[in-house]
Amino acid sequence: MRFQLSPEQRQFSATLHELLGGADTAAAARAWAAGEHDRGLKLWRALADAGVFGLLVAEADGGLGAGAADLVVAFEALGYHAVPGPLAESAAVAPALLTGHRLTSLAEGDLLATVVAPPEVPLALDADVAGVVLDLTGAQCAAETELVRSIDPARRLFRVPGATEAQSPAFDTGVLAVAAQLLGAGQWLLDTSVAYAKQRSQYGRAIGEYQAIKHLLADVVTGLELARPLLYGAAVAEGTFARDVSAAKVMAGDAAYLAARTALQVHGAIGYTAEHDLGLRLTKVRALAGAWGTGSFHRARVLR
Amino acid sequence: MDLDIDEASAAFRDEAREWLASHVRVLPSMDTAEGFTAHREWEAELAEARWSVVSWPAEYHGRDASMLQWLLFEEEYYAARAPGRVSQNGLFMLGPTLFAHGTQEQRDRILPPMARGEQVWAQAWSEPEAGSDIAALRSTAVRTDGGWLLSGQKTWSSRASFADRAFGLFRTDPSAQRHHGLTYFMADLRADGVTVRPIPQLDGEPGFAEIFFDDVFVPDADVIGEAGQGWKVAMTTANNERGLSLRSPGRFLAAASRLVDLWRAEGAPESTKDRVADAWISARAYQLYTFGTVSRLAEGGELGPESSVNKLFWSHLDVALHETALDVLGPAGETDEDWVNGYLFSLAGPIYGGTDQIQRNTIAERLLKLPREARR
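Keeping their order, the protein sequence lines are chains S and V. Count the first sequence with the numbering used here and you get residues 1 to 304, in order. Count the second sequence with the numbering used here and you get residues 1 to 376, in order.
Simulated from the structure, these hints should not be mistaken for laboratory data. It is possible that part of the hints are untrue.
What the hints assert, rightly or not - Just a sample of chain S residues kept apart from chain V, beta carbon distances all over 10 Å, derived:
no., residue
1, A26
2, L41
3, K42
4, R149
5, L258
6, A274
Stated by the list, open to error - Over 12 Å on every C-beta distance to chain S, these chain V residues come out as not near it, computed from the model:
no., residue
7, E41
8, R178
9, R264
10, T335
As the list claims (entries may be wrong) - Taking lysine-lysine pairs in the DSSO-like style, the calculated list, with each CA pair at most 30 Å apart, reads:
no., chain 1, residue 1, chain 2, residue 2
11, V, K232, S, K198
12, V, K232, V, K369
13, S, K198, V, K369
A quick note: this is a predicted structure, and the numbers were derived from the prediction, not measured. All C-beta atoms, glycine included, are put in the ideal place defined by N, C-alpha and C.
If we strip away everything but chain V, and leave its shape as in the complex, we get (with noise of 0.2 Å):
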């Protein structure tokens, strides 16, 4: 047992270290136009020196990097500062669900552009009377000549504003029993029957949208699997989610020493220390917790339900800390653009991806083996 980082992981660690530094810029808001915009310039930068998806095959932009190496790079990225990704949603969602089940063609047209950050995907995932319940998911998608007819509606749908692009699940089979029945597409935001309307969050701007289909047509090539065997493609996609690629622990160890050095710069408040000791305590937990993780499946093991154990504890994480920060603060709390957006921003964890319930009862049922409750 070590914690010892290679020679070559190392230097990619240092290599990227050095790129962010004379790189990293101050960008505005993604969930605005002119942050959007400069974001996805930003992807395009990232993405030209080869960092936009480190853990990606050279074929699609990446450096085919352990997942050891892609953890190195994440914390670096935070430590610096570094832009949030508006391809996220793409990159680590849509990205490893095509490298599991899409086909060559999809790989090839799909992947390159969304590295590049040319095209950004939404994720429309939720519904209106579904939430977390995927299985209640109402849209349709009717056969036709070539492809398909989306109809239906998606709602909080994340970059969805100014988003080119969504994937997500539709019913296929209207007689088939609750998550048999769904398929999964991928759709364009700009096709003939689709309407986004942006709805504004917590902090005023337009995060993400409500998107309308109205027969929508999709081609046959942009179904991702077997039609009827979208919730199995699915599960891949929200594993991924909730374990390890939307949340490296890199964002909040980053987040856990600038609380820290908050703390001391206000005088190291005896009425905070043990919130703020607790919430850089929970960032080294959760960043060795993922080191044991990217080892074991190193040697070959699967991230199964331990992928909730790991969303549940970053979101109370998450917050925890950013709410610690606002009560070091004091009444400055409110003020502090930076501290605010963060804390804002948390408190969507224990929400999206599954909320904390569904965790608690995916951890009970598949890792401990409770019985499942009745179900009507």
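One chain only, chain S, in its complex shape (with noise of 0.2 Å):
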């Protein structure tokens, strides 16, 4: 057992913070939400280049033929990022239903997919922008026009009328890369919250020499350090796949929503405005906890 991960992965990670940290990904998120998505896609060809779209697509098919534990590795740093985009149903579910010169497309980079699977995934995301809108059959879908507001502006919903509802081992990887997104967005915030405590002052004290504070970060650190590795027990779990990546969206739900709480609450009025980073995440967090299966639909499937 060496249940760490290796040193490609650690690299890999490096790879994508030091990508996604020059990037002024906050822009092309708010760019992305206010529907222009020319920042965004130029940061989808660098992380297509970087490998992350290609991940869970075979070699012959032009990919990297990696695993779940490197989709996971990847998602952290999405997450902590708030890179906007269909990519979960990009990077970890469409490569289980497309096949052929699509398939190498969507590996290189130049071609989204976005994904439907009701109940649990009812709108499509982002489908204005996708090449192609799947069921979880692998079956073509036809979106409709209209937005569906999110809670998140950087998610852009769209109906999909009669798309049949199945649920996959596709589902399952795509429900473990939204958890690990999750994390990823979770260590942001405290990361920040934790930097903030230290520089920010009241009565002549770094407000993070108060217990007060200190108490609330400590519960996040402990929340997202013990999901993380549920995240990648189930990525290298045989046989209960399933089971442990709804184990590992419940945590990592959790965990990240309590560090959007917490971060807001140490922040104060300053975490609250349009113009601090601080709000792609939280409204994510929201956003995320509730699709690709609620809480309750995953507690459920752990009791199964």
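Both chains are given apart, each in its own frame, so use the hints to dock them into the complex.
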């Protein structure tokens, strides 16, 4: 047993953080929310070059033939930097649904895919920019053109008439990716809150000196630290993938949500402004906590 | 990254499972005189088959088991519903301390009878005015011919009502500030000048006790580490208590599985579904987190302040799990002996070994590097 990231996985993570850290992902997310996709698509291309969309695509089809643990590494970074777009849909779910040249295009970043899986995923994320809208049988669907507003403005959702319900390993891989994205967002919220608590003073002391703040942040650490092994455990579990993925989604969702609420509390009013990047994660965490299966849905699966 | 169990470890686990299946029996509470005796016998039986301290060297009744094997053993132990460990303070706190800081003579003299349950150890840690604040300890030790004279009062000392010996910190340099000037001693609870007063716990049984020391002689051979360095020595013990050794995931996984079974047997009520699932999810998370820690340690990493993350998490998990079981049982909850005992035991978790509040301070200051609060 070696339940640790490999040096290659650490390197992959560092590469993505470096790439995204210098890319002003916040500006890309805000533009994406306004329906301006250029910056986001440029980011998409860079991520494709780094291998993100080919992770689960076989080498013969132009991908990397990597595993679910690598997917978790990537999605922690994508969540951390609030990257917009149909990420889980394209990188985690579509590889199991597409074949041939479309699969190669997906791996290369030329084709954005989005997915519906009612009732857990009733609306198609970013169907206006995706080249293909799929249900979990791999059938192509037509999305309506009218935008449905999400609590997270960077999640642009569209109705899809008549999509069939189906759960499958592809669904579970999507859930795993979303859970990792949640964890990454939670980690950013923690890191940013800790930095702020060290720098911001009130009553003559850094607010991070007060136990009231310390104890909130310690609980956030605990939640995130214990959710992470569930994600990687699910990624490498044999025979219990669905159950472990559900467990990971529940705990990552709860930990990220606690991180979001705590971050807002630690930042105070400045965190409530649209200018602050905190809001990009706060609203995404709330949206993703219910997307790809609610807590109740996944808890029921854990007990099945 | 993988969760594969190697062949040798799988064989080890299977051997443990088989042995436990044919030897486990229900014992009376170790917090009674009769139960304490029965638990000593169980410890001897474990030692005889070399299951008492699997991670210790063979010369001390161990099996040189790896940490992974130790975790697998613990999973089997609790899944088999084997008895609680009456020797746990010695085995999991004093034992590791002696391996790290003791002399060869101390290890040879202390560890074998500890492993066989012949000498059961209590921790003389807390004092009435100190609690988690070890630096505020007031009990003293004064130099005398060939050793030291111990005086003062220890309290909430687990196992002390029936135990043979105790270990703890005493102040040997009253002029030194706070955690300097403390020394780590082992003392005989039957020595002249020792008075043990049992204290009934929430369940009415004398699970812990007060210990009064009145000029109790302790030879130099029973000092662990250098005089005045007790704090440093104790930190090893504290990290062991908070970290892996006292609360391996096996206990929580076994309890969570029983909770899921109970919930199903009660007709899978929707009202408690989420909490039952959360208990199982948390136990699984704790198991995997521990596997990660063990993998890291195997590669030369050290157990640091994340042991506080560990303790904070399992103490909450344990309480929530047992609360949920009592709620699943409904009106029958208050009379279900097993779950009630487990619940009462869980309530101590957020208090001992450093309270939740102390753990949160440690996480914030040592892991997140937030500034220390001004102290008077």
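Results for each hint:
The Cβ of A26/S lies farther than 10 Å from every Cβ of chain V, with a closest approach of about 24 Å, so its non-interface assignment holds. The beta carbon of L41/S sits about 32 Å from the closest Cβ of chain V, which is more than 10 Å, so the claim that it is off the interface holds. In this structure K42/S is separated from chain V by more than 10 Å, as the shortest Cβ-Cβ distance comes to about 32 Å. Every CB of chain V is more than 10 Å from the CB of R149/S (nearest about 29 Å), matching its label as outside the interface.
Against chain V, the non-interface label of L258/S holds: every CB pair exceeds 10 Å, the least being about 13 Å. For A274/S, the requirement that its beta carbon stay farther than 10 Å from each beta carbon of chain V is met, with the minimum near 28 Å. E41/V, annotated as away from the interface, keeps every beta carbon of chain S farther than 12 Å; the closest lies near 35 Å. With a least beta-carbon separation of about 20 Å from chain S, R178/V lies farther than 12 Å from that chain, consistent with its non-interface assignment.
At the 12 Å boundary, the C-beta of R264/V falls inside the reach of chain S, the nearest C-beta of that chain being 8 Å off. The Cβ of T335/V lies farther than 12 Å from every Cβ of chain S, with a closest approach of about 26 Å, so its non-interface assignment holds. Of the pairs offered as hints, the one joining K232/V and K198/S holds, with about 29 Å between alpha carbons and a cut-off of 30 Å not exceeded. As the CA atoms of K232/V and K369/V are separated by approximately 21 Å, the hinted pair is consistent with the 30 Å bound.
At roughly 9 Å between alpha-carbon atoms, K198/S and K369/V fall within 30 Å of each other, so this suggested pair holds.
Of the numbered hints stated above, the single one contradicted by the structure is hint 9.
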